[in-house]
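J.: The primary structure of each chain is shown beneath.
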Amino acid sequence: MSRPNPSYEGSRRQKFMQWLKGEYDPSEGKLETTEPDTSLFTDSEYHEIHLYLRNEYADNEEHFRRGVRKHLTRIQKLYRLMAVITAIFMTVLLLWAVSYEPSYGDPNAPENNEVATRYIEHGLAETGAINIVAGMILDYRAFDTFGESCVLFVALCCVLILLRVDADEEAGSHAREAMFDRHFEPKNDIILQRMCRVLVPAIVIFGIYVVLNGHLSPGGGFSGGAIIGTGLILYLTAFGFANTERFMTEKVARLFSVAALTFYCFAKSYSFYTGANHLPSVISTGTPGAILSAGLIVYLNICVGIVVACTMYSFYVLFRKGGY
Amino acid sequence: MTALRILLLIFLIICAVAVSFSKRLLVSIIIYMAFSLIMSILWMILESPDLAITEAAVGAGVTSILFFVMLKKIQSIQMDPDQEDES
Numbered sequence: 001m002s003r004p005n006p007s008y009e010g011s012r013r014q015k016f017m018q019w020l021k022g023e024y025d026p027s028e029g030k031l032e033t034t035e036p037d038t039s040l041f042t043d044s045e046y047h048e049i050h051l052y053l054r055n056e057y058a059d060n061e062e063h064f065r066r067g068v069r070k071h072l073t074r075i076q077k078l079y080r081l082m083a084v085i086t087a088i089f090m091t092v093l094l095l096w097a098v099s100y101e102p103s104y105g106d107p108n109a110p111e112n113n114e115v116a117t118r119y120i121e122h123g124l125a126e127t128g129a130i131n132i133v134a135g136m137i138l139d140y141r142a143f144d145t146f147g148e149s150c151v152l153f154v155a156l157c158c159v160l161i162l163l164r165v166d167a168d169e170e171a172g173s174h175a176r177e178a179m180f181d182r183h184f185e186p187k188n189d190i191i192l193q194r195m196c197r198v199l200v201p202a203i204v205i206f207g208i209y210v211v212l213n214g215h216l217s218p219g220g221g222f223s224g225g226a227i228i229g230t231g232l233i234l235y236l237t238a239f240g241f242a243n244t245e246r247f248m249t250e251k252v253a254r255l256f257s258v259a260a261l262t263f264y265c266f267a268k269s270y271s272f273y274t275g276a277n278h279l280p281s282v283i284s285t286g287t288p289g290a291i292l293s294a295g296l297i298v299y300l301n302i303c304v305g306i307v308v309a310c311t312m313y314s315f316y317v318l319f320r321k322g323g324y
Numbered sequence: 001m002t003a004l005r006i007l008l009l010i011f012l013i014i015c016a017v018a019v020s021f022s023k024r025l026l027v028s029i030i031i032y033m034a035f036s037l038i039m040s041i042l043w044m045i046l047e048s049p050d051l052a053i054t055e056a057a058v059g060a061g062v063t064s065i066l067f068f069v070m071l072k073k074i075q076s077i078q079m080d081p082d083q084e085d086e087s
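Residue numbers (the numbering used here), protein chains in the order written: chain A, 1 to 324; chain B, 1 to 87.
Hints are computed from structural coordinates only; laboratory data are not their basis. It cannot be assumed that every hint is accurate.
If you only want the chain A side, here are some residues facing chain B, beta carbon under 8 Å, derived [claimed, not checked]:
id, residue
1, 229
2, 270
3, 273
4, 314
Beyond 10 Å from chain B on every Cβ pair, some chain A residues (computed) [said to hold, decoys possible]:
id, residue
5, 59
6, 94
7, 118
8, 164
9, 188
10, 223
11, 230
12, 251
13, 274
14, 320
Lysine-lysine pairs mimicking DSBU-like chemistry, simulated, CA-CA at most 30 Å apart [said to hold, decoys possible]:
id, chain 1, residue 1, chain 2, residue 2
15, A, 251, B, 23
16, A, 321, A, 251
17, A, 251, B, 72
In this text, a Cβ means the ideal position worked out from N, Cα and C, and glycines have one as well.
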C-alpha cells in the first residue's frame, strides 16, 4: 500500500502537489528577469534619483488620494440612491405579493388541502400526540426535523472552524483572549448572582418541561432546548467559566450532540423501515395525554432539545472565548 | 383585542424603522430585541404558542446575546463609565 508509485516521480501530479505546497514554481527560470546594473551611476547620483522618485511619488500619492476621495463620495451617493431604490422596490414587490394572498381563514385557500385535513383528522390516532404540530414535525415529517438538527450541528462545526483558538496557533493567543474576556466580564456582580440563583433553576426546569411536554402542549424540542441553552448562558454570565466547566465542557457537548443525533437517526430509521414495509412496530402510541405516550415523539423531542441546548451554549462560548 | 393588535403592529413598524435609523449598534440590537418580543406576543395572539415560545427564546434571547458578544469582540461597546453617560 505504502510503496511509492515509480511513475509518480516527476509526474504532473507530483509537480501540481509541489506547486500547491509552494515548493515548486513552474515559471522559475523561464521568465526574463534582469538584475539592476550597479555600474551605471555613482552613489550620489543614486541618491538624487531616489529623492526625485520620492517627490514624484508623494505628488502622485496626493493626486491619487484626491481622486479616490472624489470617487468615493460619488460611489457613496450612488450607494445611498441605490439602497433607497432597492428598498422601495422590495417594499412594493412584497406588498404586491401580499395582496394576492388568500384572506385569513379562507376555506378555499390552497393550504387547506387533503394533507392538512388528514393531519387534523387522523393525527391523534396515528401519532398519539395531542399537540398536532409535534405529531406533524416529529412523526409525519420527522426526516425534515432530522435535517434541521443536522443543520444546527453543521452550523456549530462551522463556528468551531472559524472562531476556535487552537492551542498551537499562537503561544499567547489563548491567554490574550482570556484576558480580553475577563476585561468585560461582570466580576462577581452580586445583583446578577442573586437573581441567577433564583432564575436559572426556574428557566432550566421550564425548558425541561417544554421539552418533555412537547407532544401534549405547545413547545417541543427546539423551543425547550433554546430555553435550556439560554438558562445555561445566564448561569455562565453570572458565575464565570470556572463554575460551568465543572459540568459542561467541549467533550460533553460534543458527546451529547452526537449521541442524540445518532439515536434520532436510528429511531427514525426503525420507524420508517417498519412503516414503509407495513411491519408491526413494537412502539405503541399509548394512551393520548399520558407523559409516556405518542410513541417515539418524547424521545425524539429530548434528542432535539439536547442538540439545540448544546449548540446554543457552544455558540455563546465560542463567540466569547474561542474555545472551552 | 383588535386595538391591542393594531397597537402592537404599529410598535412593530416603529421598531423596524428605528433599527435602520439608530446610529449605535448597541441601540439597534436592543430595538431588535424589542421587535422580537412584540413579535412573540403577536404570535400568541395569532394562536401559535409554539412559535411564540421559540421567538421569545431564540429571537429575543440567544440571537441578541450572540450579537452582544460579537459587538464586544469587535470592541464596539464602550465600557468606560465616563463615556457610557454620553449620548
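J.: Can you give the numbers of the hints that this structure goes against, from lowest to highest?
T.: 2, 3, 4, 10, 11, 14 and 15
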